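*Asks:* Spelled out, the chains give:
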Amino acid sequence: MSKDAFVDFQNVWLAYNEALLAQNHFAVEDINLQVRQGEFIAIVGPSGCGKSTFMKLTTGLKMPSKGRILVDGQPVTGPLKISGMAFQAPSLLPWRSTLDNVLLPLEIVEPYRSNFKQKKDEYVARARKLLQTVGLGGYEDKYPWQLSGGMQQRASICRALIHEPKMLLLDEPFGALDAFTREELWCTLRDLWTEQRFNVILVTHDLRESVFLADTVYVMSKGPGRFVVQREIDLPRPRDLEITYTPEFTNIVHELRGHIGAMRKSGAVINQ
Amino acid sequence: MNKKTLERWSPWILLVVTILVWEALCRGLNVSEFVFPSPSRIWQQFVEFRDVIAGHAWRTLWVTMAGFGIAIVVGVLLGFVIGSSRIAYAAVYPLMTAFNALPKAAFVPILVVWFGIGIGPAILTAFLISFFPIMVNIATGLATLEPELEDVLRVLGAKRWDVLVKVGLPRSMPYFYGSLKVAITLAFVGTTVSEMTAANEGIGYLLISAGSAMQMGLAFAGLVVVGAMAMVMYELFSYVEKHTTAWAHRGSQNE
Numbered sequence: 001m002s003k004d005a006f007v008d009f010q011n012v013w014l015a016y017n018e019a020l021l022a023q024n025h026f027a028v029e030d031i032n033l034q035v036r037q038g039e040f041i042a043i044v045g046p047s048g049c050g051k052s053t054f055m056k057l058t059t060g061l062k063m064p065s066k067g068r069i070l071v072d073g074q075p076v077t078g079p080l081k082i083s084g085m086a087f088q089a090p091s092l093l094p095w096r097s098t099l100d101n102v103l104l105p106l107e108i109v110e111p112y113r114s115n116f117k118q119k120k121d122e123y124v125a126r127a128r129k130l131l132q133t134v135g136l137g138g139y140e141d142k143y144p145w146q147l148s149g150g151m152q153q154r155a156s157i158c159r160a161l162i163h164e165p166k167m168l169l170l171d172e173p174f175g176a177l178d179a180f181t182r183e184e185l186w187c188t189l190r191d192l193w194t195e196q197r198f199n200v201i202l203v204t205h206d207l208r209e210s211v212f213l214a215d216t217v218y219v220m221s222k223g224p225g226r227f228v229v230q231r232e233i234d235l236p237r238p239r240d241l242e243i244t245y246t247p248e249f250t251n252i253v254h255e256l257r258g259h260i261g262a263m264r265k266s267g268a269v270i271n272q
Numbered sequence: 001m002n003k004k005t006l007e008r009w010s011p012w013i014l015l016v017v018t019i020l021v022w023e024a025l026c027r028g029l030n031v032s033e034f035v036f037p038s039p040s041r042i043w044q045q046f047v048e049f050r051d052v053i054a055g056h057a058w059r060t061l062w063v064t065m066a067g068f069g070i071a072i073v074v075g076v077l078l079g080f081v082i083g084s085s086r087i088a089y090a091a092v093y094p095l096m097t098a099f100n101a102l103p104k105a106a107f108v109p110i111l112v113v114w115f116g117i118g119i120g121p122a123i124l125t126a127f128l129i130s131f132f133p134i135m136v137n138i139a140t141g142l143a144t145l146e147p148e149l150e151d152v153l154r155v156l157g158a159k160r161w162d163v164l165v166k167v168g169l170p171r172s173m174p175y176f177y178g179s180l181k182v183a184i185t186l187a188f189v190g191t192t193v194s195e196m197t198a199a200n201e202g203i204g205y206l207l208i209s210a211g212s213a214m215q216m217g218l219a220f221a222g223l224v225v226v227g228a229m230a231m232v233m234y235e236l237f238s239y240v241e242k243h244t245t246a247w248a249h250r251g252s253q254n255e
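Residue numbers (the numbering used here), protein chains in the order written: chain R, 1 to 272; chain D, 1 to 255.
Isolated chain R (complex conformation) (with noise of 0.2 Å):
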C-alpha cells in the first residue's frame, strides 16, 4: 500500500512543544493517511481540528512528534519545496502587479531564483500564459488591490503554482468568497487539476465544495485531532456544477454532515 502512495502518513502524532507534549496533549494524533499521485484529497471537520496543522505536516513546516511522514518516497525533513501554498486570504503583495506577484516563488525557489534573470521572458510567459488559464489574463499588469477578491484567490492559486509543484495545499481557499464566486473558482481548481494532475490537498468546511472536487474526503474530529472517516468520491468526472443537484451528490453530502453532526453533539457531551 505504501509503496505507490504519493504521501504517506504513518502513524504520525504532533505536539505543539515540549511541555504539551510531556503532557500527552497533541494538536492531531494518530494519523494514518495514504495519499496515490495525483489524487485529490478534502479534509472537512470543524473549527480547531487540526486541519491546518496537518498541512504544516505535509509541507514540512512542522516536524511530527512521533511517528513518520513520507512524500513521494522521501521522508520529509524540512520544508517541502514540491508544494505550493494558498490560504483563505489571498496575501498578494500590494506593491506587486499581478504578474510580479505571481513571479515571487520564482525568485525564491531554486532552481528558478539562479537563473531568474536569463530566463526572465521564459518564466514571465509561463506566468502570462498561468493567468490567462485562470481568467485573469488582461489583468497582468493590475496591482492586487485594484482586483475583486475572486480575481485576487485566483492570482494567490497561480503563485502556489507557477514553479509546478507536485502538491497543491489549500487551506480554505474560497472560504471568503461569495457563493456564485466560489462555484466559479471550484471549476478553475477543477479544470487546472484535470489538466496538470499534481496532487491536491484542499482543507475546507464546505462539504459541497470537498465532495464536488476531491477524489476522497476525510473527516477530521476535534481534540484530539484524528481522521474519523474516509469517503471515497465515487461520481464519474469530469464533473459539472449540474452534479451538484443530483441526489447522488446531496447524498453523499447529507452522509459527511452526519458524522460531523454527531461528532459536534458527542463533543458537546464530553465539553459539558
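Heads up, a few of these hints could be off.
Within a straight-line C-alpha distance of at most 27 Å, the following computed DSSO-like cross-link-like pairs (lysine-lysine) qualify [said to hold, decoys possible]:
no.	chain 1	residue 1	chain 2	residue 2
1	D	Lys4	D	Lys166
2	D	Lys159	R	Lys166
3	R	Lys129	D	Lys166
4	R	Lys117	D	Lys159
5	R	Lys120	D	Lys166
6	D	Lys242	D	Lys159
7	R	Lys81	R	Lys120
8	D	Lys4	R	Lys62
9	D	Lys166	R	Lys119
10	R	Lys66	R	Lys222
11	D	Lys242	R	Lys142
12	D	Lys166	R	Lys62
13	R	Lys81	R	Lys117
14	D	Lys166	R	Lys117
15	R	Lys56	D	Lys159
16	R	Lys81	D	Lys159
17	R	Lys120	D	Lys181
18	R	Lys166	D	Lys166
19	D	Lys159	R	Lys119
20	D	Lys166	R	Lys56
21	D	Lys166	R	Lys81
22	D	Lys166	R	Lys142
Simulated restraints on C-beta separations [what the hints assert, rightly or not]:
no.	chain 1	residue 1	chain 2	residue 2	range
23	D	Tyr234	R	His25	53 to 59 Å
24	R	Ser47	D	Val74	42 to 48 Å
25	D	Phe99	R	Asp72	38 to 44 Å
To spell it out: a stretch of chain D is covered by chain R in this simulated footprint if at least three of its residues, at any positions, have a beta carbon under 8 Å from a beta carbon of chain R; those stretches are [stated by the list, open to error]:
no.	region
26	138 to 152
27	156 to 168
28	240 to 248
Hints listed in this document are in silico derivations from the structure and should not be mistaken for laboratory results. Remember, predicted model here, so these are calculated numbers, not experimental data. The beta-carbon is built from N, C-alpha and C at its ideal position, and this holds for glycine as well.
Following the hints, position chain D against chain R.
*Replies:* Same frame as chain R, but now just chain D:
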C-alpha cells in the same frame, strides 16, 4: 469656487484670517509690542534683520539636516535589527521606550561638557530626538508580517533574509516615509532647543538674544522661520512618500 479648490486653499485662507485677527487684536487692544508684537511689527523686524535671520536660519537648517541624516541611518539600522529578530525586539524595545521618555533638552548640558558649545550638541540633540520614530516604524513594518505569507515563502525554502528583503522592507516603506515626516519636525525642535543654551549661532541662539534685548518682533520672526522650515521639509517628505509608496495610499475615489 468649488469644493476641491476650497480644500486646497483652505490652509492659506486660515493663515490669512489668523494674521488679520491677530493684527486687529493687537491694534484694537493697543497691546505693547514688547509684550506681544503684531504681525506687521514682526514683518518689519523680519525685513530689517533679514540678513541676520538668514544666516541663523541656514545654520539651523543644515545642523538639523545633519542630525536628521544620522537619525535616518541609525533609526533604519536599529529598526531593521529589532524588527527582524524577536529576541532583539524583546531586549531592545523596553530600553528604547525608557530612553525616548527622557526629555532630550536635559541632554544638552551633558553634550556641552562632551563636545563644547557649537554644532556638536545641536546635531546630536536633533539626532536623539528624531531617530526613535524612524526606528519604531521600520521595526513595526518588519515585525507585522502575515504568517500565511511567511508560510508560503518558507515552504519554498526562503531564508529569513529573503523574506525580509522581498516582503519586510518594501512593506515597511510607507511606515518609514510616514515616520520621516514626524521625525524632521522633531529634529527642528532638537536643534532649536540645543542652540538656545549651547550655541552662538542658529535660530535658537537668535531667539534667546532677541528675547534678552527685548526685541520681541525679531524673536517672533525667528519662530516663524523655524516653523516655515519645518513645514517645508514636512511637505517635501510627504511628497516623497506619496510618490514612492503610492500603493499604500490607494482607495480614494477621486484620484
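*Asks:* All hints are to be evaluated individually against the structure, with a verdict given for each.
*Replies:* Hint check results:
| no. | hint | result |
| --- | --- | --- |
| 1 | D:Lys4 with D:Lys166 | violated (38 Å) |
| 2 | D:Lys159 with R:Lys166 | holds (22 Å) |
| 3 | R:Lys129 with D:Lys166 | holds (24 Å) |
| 4 | R:Lys117 with D:Lys159 | holds (19 Å) |
| 5 | R:Lys120 with D:Lys166 | holds (17 Å) |
| 6 | D:Lys242 with D:Lys159 | violated (31 Å) |
| 7 | R:Lys81 with R:Lys120 | holds (20 Å) |
| 8 | D:Lys4 with R:Lys62 | violated (55 Å) |
| 9 | D:Lys166 with R:Lys119 | holds (19 Å) |
| 10 | R:Lys66 with R:Lys222 | holds (19 Å) |
| 11 | D:Lys242 with R:Lys142 | holds (19 Å) |
| 12 | D:Lys166 with R:Lys62 | holds (23 Å) |
| 13 | R:Lys81 with R:Lys117 | holds (20 Å) |
| 14 | D:Lys166 with R:Lys117 | holds (16 Å) |
| 15 | R:Lys56 with D:Lys159 | holds (17 Å) |
| 16 | R:Lys81 with D:Lys159 | holds (13 Å) |
| 17 | R:Lys120 with D:Lys181 | violated (38 Å) |
| 18 | R:Lys166 with D:Lys166 | holds (25 Å) |
| 19 | D:Lys159 with R:Lys119 | holds (22 Å) |
| 20 | D:Lys166 with R:Lys56 | holds (22 Å) |
| 21 | D:Lys166 with R:Lys81 | holds (18 Å) |
| 22 | D:Lys166 with R:Lys142 | holds (19 Å) |
| 23 | D:Tyr234 with R:His25: 53 to 59 Å | holds (54 Å) |
| 24 | R:Ser47 with D:Val74: 42 to 48 Å | holds (45 Å) |
| 25 | D:Phe99 with R:Asp72: 38 to 44 Å | violated (53 Å) |
| 26 | 138 to 152 | holds (count 5) |
| 27 | 156 to 168 | holds (count 6) |
| 28 | 240 to 248 | holds (count 3) |
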